[in-house]
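**Q** Combine both chains into one complex, guided by the hints.
So the sequence lines, in the order shown, correspond to chains A and B.
Count along the first sequence starting at 1, add 1024, and that's the number in our numbering.
Count along the second sequence starting at 1, add 32, and that's the number in our numbering.
Don't read these hints as lab results, they were simulated from the structure.
Errors might be hidden in some of the hints.
Said to hold, decoys possible - Facing chain B, from chain A, some residues (calculated, C-beta under 10 Å): (1) 1147; (2) 1149; (3) 1154.
Beta carbons are placed, not taken as given, at the ideal position from N, Cα and C, and that holds for glycine.
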Amino acid sequence: MRANPISRGRLFPAHKLWLVALLALAAVLSVTIVAVAQDSTPRPVTDDQVNAVARGLYCPVCENIPLDVCPTTACAQWRELIRVKLAQGWTGVQIKQYFVDQYGDRVLATPPARGLNWLVYVVPPAAILAGVYILYRAFQTWRKPVLAIPPVASTQGEPTTIDNQYIVRIEEELKKR
Amino acid sequence: MENQTTSNLSDAVVQEAPPRSRPRWGRVLAWVALMTLLVIVFLQLRRTQEGPVQVGQAAPIFPLTTFDGQNYNLADLKGKVVVVNFWASWCKPCEQEAADLESAWQFYKPRGDVVFLGVDYVDTEPEAKAYLQKFNITYPNGPDLRGRASQAYRIGGVPETYIIDRNGKLAYVQIGPFSSLSNIRAVIDPVVGK
Chain A
1025 MRANPISRGR
1035 LFPAHKLWLV
1045 ALLALAAVLS
1055 VTIVAVAQDS
1065 TPRPVTDDQV
1075 NAVARGLYCP
1085 VCENIPLDVC
1095 PTTACAQWRE
1105 LIRVKLAQGW
1115 TGVQIKQYFV
1125 DQYGDRVLAT
1135 PPARGLNWLV
1145 YVVPPAAILA
1155 GVYILYRAFQ
1165 TWRKPVLAIP
1175 PVASTQGEPT
1185 TIDNQYIVRI
1195 EEELKKR
Chain B
33 MENQTTSNLS
43 DAVVQEAPPR
53 SRPRWGRVLA
63 WVALMTLLVI
73 VFLQLRRTQE
83 GPVQVGQAAP
93 IFPLTTFDGQ
103 NYNLADLKGK
113 VVVVNFWASW
123 CKPCEQEAAD
133 LESAWQFYKP
143 RGDVVFLGVD
153 YVDTEPEAKA
163 YLQKFNITYP
173 NGPDLRGRAS
183 QAYRIGGVPE
193 TYIIDRNGKL
203 AYVQIGPFSS
213 LSNIRAVIDP
223 VVGK
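Same shape as in the complex, but just chain B (with noise of 0.2 Å):
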């Protein structure tokens, strides 16, 4: 009896305010846009963490205009073997590659079915220039405007070097410098001969 009256009291003291209705489309607009932006963040952080395009993977086509205005695009090399070397005036690891790579280019230039195209990341022009006089590069280079080849490969630094077969797939990858010209022969003869 006198739990009752005190419960009664409590009731009585206490009165909860009636529940508002709260307007349901606010609720469900901040949820959709909650969604989308997770959504939008999820799929940006897995192109981050994708790393580079894989071996086999069609291999991403971008235009490359040369120092000296030539216009290359990869999508008009198909039927040829390609190798995209990515280098930078700044870089001291691409000198070591830099006069092997000249060397293989020389070799295979006349063959006619090898194209070496040479990618010049985050530079100035009047030091890349001189980068490529330094090392008397002949085969065609141009910078990566706008970071378009870089990204497109995901590359996570230079030089990296990328082999594309005739078909347009990726058939290897070389994080890092080459060690020596028998090192680069070793891995183009394969994608030549197949």
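The following block holds chain A by itself, in its conformation from the complex (with noise of 0.2 Å):
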């Protein structure tokens, strides 16, 4: 004699626990996919959002403007691109290297180091560097004269100076004669 499942403490038969579990997995999944559906949809983007991407741009029409200040037509459109992409959910990065891929390197605030842009990063601080050693050899050749006397005391214990010293020089020829 077989026993009764519910009376051995099970809530469902096996065969509907079966249903149940799917009926679960159903739901989960409805619910997920109308999360990714409402996560694609266009969401608003705020101008400020456009001119953080905007302002590492350029346009290579208006030069030395940033795009998130540039007035003209071609970077108001390039602003709306931006928009657009934003509200499509590509980030920052993603957008900028669109950009690149559709303008050339021209269109970055901060060209990237490679070929002869290395020069834009590698020029400066030597030149500082050189300009440092330069005035570190200066200062040294002013003060060698300085240095190159040995301190001599005073006849009277009193600090000697240069001018001292060759005070006291003259006085002591001047006597012997």
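**A** As structure tokens, this is what we get:
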């Protein structure tokens, strides 16, 4: 004689457990799908978000004016494109890479460190170091005459200077005559 | 005698330190680096000061992928007259010549030995496509990817039009918009007839 499963503490029979599990899985999947669908819908993008990306870009038409403050139509179109890309979920890095692919490295505020661009990063620090070295050598040269004189004690026990030593020597020479 | 004494004293007091031997290789390296930098700066400056490509020079070759995915390369178009027009959707003067350029293309298209290429300079694709649609432009047009074409031709702005003869030499340069269809034909006809 077989025992009734319910009487052994089970809430559902085995075949009903499978059904419950499948229903639970379907519920979880549907919630996930809804969440993903909501995420792919365009999100509102603020001007600050657009400008945060635009600040690191320069339109080649308007030299030396960052994209976030550039007043031309071309720049306005670029900013609108940034807004569209942000709404689609693109990151700032991805958007900048898109602009580089379309218009070249010159659109970036900071040039990538490759090719001749290395000079931008190497030359100024090297020039500063060279300047410091030249100044150091110059200061060394200017101080040498002072350093070359060995300290001479004054006859009166006072602190000596070059002038004092010079005067003392002149007086001694005059006394000899 | 007194002068000599004073001079001797001066010599005795102000003693110059013996000159130190400076590392010669360091100086050589510094000079080489400086000269290299100057050469690079000179070459870059010369390049930026060159101005647009001159008539009679070999036309720079560039690839163009059109908005509808067709590929063109100037190297493959030798033997044909090529009209390269740089434009942008944000460029008002470009609008003045857009319809006339399309009319010119319709005029020369049946011959088969004249090719029009539109190069879209620093533009966004949706606006560029809207511009092409607005002016019913049917000749091949594509973006100037990474600015290669505009840099090769060293353009100063848009619109600019370059007419290349059958030998790949630059035959005519139009800075600014064409004024009319007859204006366009007046510069293309002599190149086609050569």
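**Q** If a hint holds in the structure, say so; if it doesn't, say that too.
**A** How the hints compare with the structure:
Using the Cβ-Cβ criterion of 10 Å, the hint placing residue 1147 of chain A at the interface with chain B is satisfied: the shortest such distance is roughly 6 Å. The closest approach between the C-beta of residue 1149 of chain A and any C-beta of chain B is roughly 13 Å, which is over the 10 Å cut-off, so the hint fails. A hinted interface residue such as residue 1154 of chain A counts as satisfied when its beta carbon comes closer than 10 Å to some beta carbon of chain B; here the least separation is about 7 Å, so the hint holds.
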